[in-house]
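Let chain A serve as the given structure and place chain B on it in line with the hints.
Those protein sequences? They're chains A and B, same order as listed. Each residue of the first sequence is one higher than the one before, starting from 147 at the first, in the working numbering. Each residue of the second sequence is one higher than the one before, starting from 556 at the first, in the working numbering.
No lab work stands behind these hints, which were simulated from the structure alone. All values reported here derive from a predicted model rather than from experimental measurement. Heads up, the beta-carbon is just placed ideally off N, CA and C, and yes, glycines get one too. What you were told as hints is all true, and nothing was included just to trick you.
No farther apart than 25 angstroms at their CA atoms in a straight line, the calculated lysine to aspartate or glutamate pairs in the DMTMM-like style are these: (1) A:K253 <-> B:E587; (2) B:K562 <-> A:D246; (3) A:K213 <-> B:E587; (4) B:K559 <-> A:E239; (5) B:K559 <-> A:D235; (6) B:K559 <-> A:D246; (7) A:K213 <-> B:D557; (8) A:K242 <-> B:E579; (9) B:K562 <-> A:E223; (10) B:K559 <-> A:E160.
Partial list, computed: chain B residues near chain A (C-beta under 7 angstroms): (11) F558; (12) K561; (13) I565; (14) D570; (15) G571; (16) A576; (17) I577; (18) C580; (19) S583; (20) F590.
Sample of chain A residues at the chain B side, in silico, Cβ under 7 angstroms: (21) D148; (22) R154; (23) I155; (24) L158; (25) L170; (26) L171; (27) G173; (28) A174; (29) I209; (30) H215; (31) V216; (32) D217; (33) V220; (34) Q224; (35) N252.
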Amino acid sequence: MDLENQSRINALVEEHGAENIIVLLGGAEAEASGLAAETVTVGDPTFAGPLAGVELGLGVYHIFELKDHVDETVWDEQISMMEMVLEVDEIVEEVKSFRDNGSKYNK
Amino acid sequence: MDFKTKKYAILGDRDGIPGGAIEECIKSMGAEVVFSTTECFV
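If we strip away everything but chain A, and leave its shape as in the complex, we get (with noise of 0.2 angstroms):
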């Protein structure tokens, strides 16, 4: 995950509180949803950025999973299409695992 975004949830989670925030993924494909989710539970895994060795445990979601809560026009007009063209349940699995193993939060 992008360096800056790492400060940002950090910076959220003092401000808001881990409790209240869910991290919410729009990712293309498996692997790198997967890196995010990995990122904001049990730390950045690259250790490269500001989350290295922290373990926030926010509760993380892909968007996909929220279908039934959206606005089915809005998820229409928004989502529908990359629906068709992702890989929707290894996304989805991937996340998920992830939020299973190091979720503390809102799972």
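Showing chain B alone in chain A's frame:
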């Protein structure tokens, strides 16, 4: 868990779902977006 009461930090993807599209989804739920960006994951 009630998804509507949470604060969302959005990490969109230029090649997947951009931050702005995810933001619209969260707003439709009546939840709060505290950060939104669109990364290039590659």
